[in-house]
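**Student:** So the chains spell out like this:
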Amino acid sequence: MRFLLIIPTVFILVTTVFVLMRATGDPITAALGGKLPPDQLAELIHAAGYDRPIVVQYWEYLTGIFSGDFGTTISDNRPVTEVLTTYGTATLELAFYAVLVALVLGVPFGMVSGYFRDRLPDAVLRILAILAYATPVFFAGLILKLVFSVWLGWFPVAGRVSTDGEIAMQLAGADSGFMLVDAFKTGDPEVVLDVLSHAVLPAVALGLLTAGVFLRLVRTNMIGTLGTGYIDAARSRGVKESRLVRKHAWRPALIPIITVAGMQVAMLLVGAVLTETTFEWRGLGFQLSEYLQARDFVAVQGIVVLMAVVVAVTNFLVDVLAALIDPRVRY
Amino acid sequence: MTMSAIRGSRRLLAGAAGTAALVLVLTACGGGSGDGGSGDGGGSAESLVIGTTDKITSLDPAGSYDNGSFAVMNQIYPFLLNTPYGSPDVEPDIAESAEFTSPTEYTVKLKPGLKWANGNDLTSSDVKFTFDRQLAIADENGPSSLLYNLDSVETPDDTTVVFKLKSENDQIFPQILSSPVGPIVDEDVFSADAVTPDQEIVDGKAFAGQYSITSYKANELISYEAYEGYQGILGEAKTPKIAAKYFTDASNLKLEVQDGSVDVAFRSLSPTDIEDLRGDDAVQVVDGPGGEIRYITFNFNTQPYGEKQPDADPKKATAVRQAVADLIDRQALADQVYKGTYTPLYSFVPDGLTGATEPLKEMYGDGQGGPDADKAKKTLEDAGVTTPVELNLQYSNDHYGPSSGDEYALIKDQLEESGLFKVNLQTTEWVQYSKDRTADVYPAYQLGWFPDYSDADNYLTPFFLKENFLGNHYVNQDVEDMILEQAVTADEAKRTELLGQIQEAEAKDLSTVPYLQGAQVAVTGADVTGAKDTLDASFKFRYAALAKG
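These protein sequences, in sequence, are chains A and B. Each residue of the first sequence is one higher than the one before, counting from 7 in the working numbering. Each residue of the second sequence is one higher than the one before, counting from -13 in the working numbering.
With the rest of the complex left out, here is chain A:
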């Protein structure tokens, strides 16, 4: 039943995106209006079929999507599907790193915060958590770049790999789209380190957002778990405090994270647009920003639809995972 709900969700999302994009006119005029004489513009609009009834265009668009055809971009004449596959991998890679950062920072510090409830470490960590998720991603990115790239010179300013690294990958024929995988394919540890060093700041900038949420969530659940009877019983049996936390309290505290992680995917994708733009991380968010500036609504439509579908499917998967972990959850 839960799986079937994805279909109307995606259908509504796709329709909404289509209607919103068409509400401002046809994509050809949006991209090329003012740059071409009216007769040439009309010719292009006619050739692309944007002068036909909107219902016909909508039907063609829907059938195209189901056959994997999202159309062709107007600004650089590329199949949208190619754009999605080429840059989707970069966004996926960044999202993976960001979730990793969020887990590595959010979970342990959440546990500490919960354990030291209302004491100094808790107060400090709560303030940091609020700062982490209240700070706009682009601002965090710019600050990180300023401090760690410009002032300290520890990390690269932008991009996914250095020029030399990219040339090495091209020579090795490594073009999976996942930089880390491609770096390993070159067999050169320098290139691997190069790729990792480029990933650090974007991953931290984007991951901090979710890390703050995780920290607060783990803290709350940790407090709840530490107050339960079985923890008191364990403590009275002389179980060491560290073991109490590591073995008994933290696992139940983690379950809500899985649910929240699903919701965070949408937030990560929104954040990715800003992070990728700040760090010239050429993923879907970066391309979305580029196509928006070029008023290429065919490309924008394709990317937004894909993002919407990813959010819908991820939420479904999270629900399934939550049901598997916690028997009380049923759909």
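Keep in mind the hints are simulated off the structure, nothing from the lab. Note that the Cβ used here is the ideal one computed from N, Cα and C, for glycine as well. Among the hints, a few may not be true.
[As the list claims (entries may be wrong)] Facing chain A, according to a computed beta carbon distance under 8 Å, are these residues of chain B, among others: (1) V35; (2) T43; (3) S209; (4) D245; (5) S247; (6) G356; (7) D360; (8) K361.
[To be verified] Calculated Cβ distances over 12 Å to all of chain B for the following chain A residues: (9) V16; (10) F17; (11) L19; (12) L50; (13) D57; (14) T69; (15) G74; (16) G94; (17) I149; (18) M175; (19) F184; (20) K191; (21) Y236; (22) P258; (23) I261; (24) I264.
[Claimed, not checked] What the simulated footprint calls covered on chain A by chain B, stretch by stretch (three residues with Cβ under 8 Å from a Cβ of chain B suffice, anywhere in the stretch; the number is not a length): (25) 151 to 160; (26) 164 to 171; (27) 288 to 299.
Starting from the known structure of chain A, fit chain B onto it as the hints suggest.
**Tutor:** Relative to the frame of chain A, chain B by itself:
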């Protein structure tokens, strides 16, 4: 809390801190490698890294007509005629000779033994194919319109090409052959009737310019290698390998040229970044003449006292335009808004091109290039214009860069400071702007121009003939006759004289008021040479002139 609890809490705290430390250590391990921060990136003496914010639309000369694409074409394709370093005037490039053999025939003789990088022979057949396909494809994003005077191409033998022209003695045609429509393509690789995809061009090694492309990732990274088979006037490349890296954020480009990851940054750092870099010893800022101009266009029907106004009066209308020319402080605009990346412009033809003069410098303002409110007041009073003149002035907020707002705010101040004008400043987004300006909606408005080829004609013919792209209802038969005459005058001295006369006559009419000329600016590492050689009035940035160490 028990001792056990205290120990546990310490361990927990230490564990969390350890996690954070581990993250930092791991990330710091990654730091310092690659091109970031270490400052040891960039190329060696054998290679250079060039950074740009340009964008490539297509590598096919029939499918693009923009700076980013043409910048690549200038490195990889041969031209029949080209501009040597330091000159705006064309000479035979891969051609041995090029001349008019009759009023409507322009004959080009190719050098013998020319080859493409893929081993194919480069013959007259390729040349004919190149221009035939431009006309056949006529892509809306391509430059085929520049071949307006080409009737047909004939190839009597493998090294001879005869261009049959529609009108006689077209002195612009040689310049056209060095323009974006001029790169010669390999007929065995390119499609005759469709734009060829970039990857097919790269895979087919269809290159015969100073460089070949060895790897290509559109708008991200291009690797070039010097092509030894190039026999043109530009000579051998000084650096065997070039990597061109494409940025979208100019501030990232600035940081990478500062830390040495990029050796040369060309197009387009912001004026404030360039000003900042001028004070940085780690880099050199190299300036050259630019082809881009900015000007205010007047609509002769709707400007104050214009022909369709209730109080129409040509004399008063001219006085209004002249008073504007008197009051604009070009140096202040160049310094305050563009930090020296633009320079004052006192003519319709920018400085550096053959035939360029500066009639507005003497005719308006203080006679030395500065503004003069008294002179403007006298001009208006003599014509009987009631002051302050109400002027609706439009600019585009999204087409000529983010500084347009500052540019026009300053122009408004300069005009109003005299008390002679009351400016109603308005801005419109480009799509609507383009429609409105030719629909007589704007009495006076901002425009800019980047040349198709490096000849004064390109700054006159499109603007001041009766049928002009401005659509501002300007007509001056004398100017029209002189423009048409210079285009067919083979005698260089006579043509230059005519160009001067056109600029003089136009300076009196002021169909447009030119005020800024863009400079070409490259920022290079301290040990990079050659940028000055290629920042010339050809407006072609050749990587082959650059060297390191």
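**Student:** Quick check: which numbered hints come out false for this structure?
**Tutor:** Hints 6, 7, 8, 12, 18 are the ones this structure does not satisfy, whereas the remaining hints hold.
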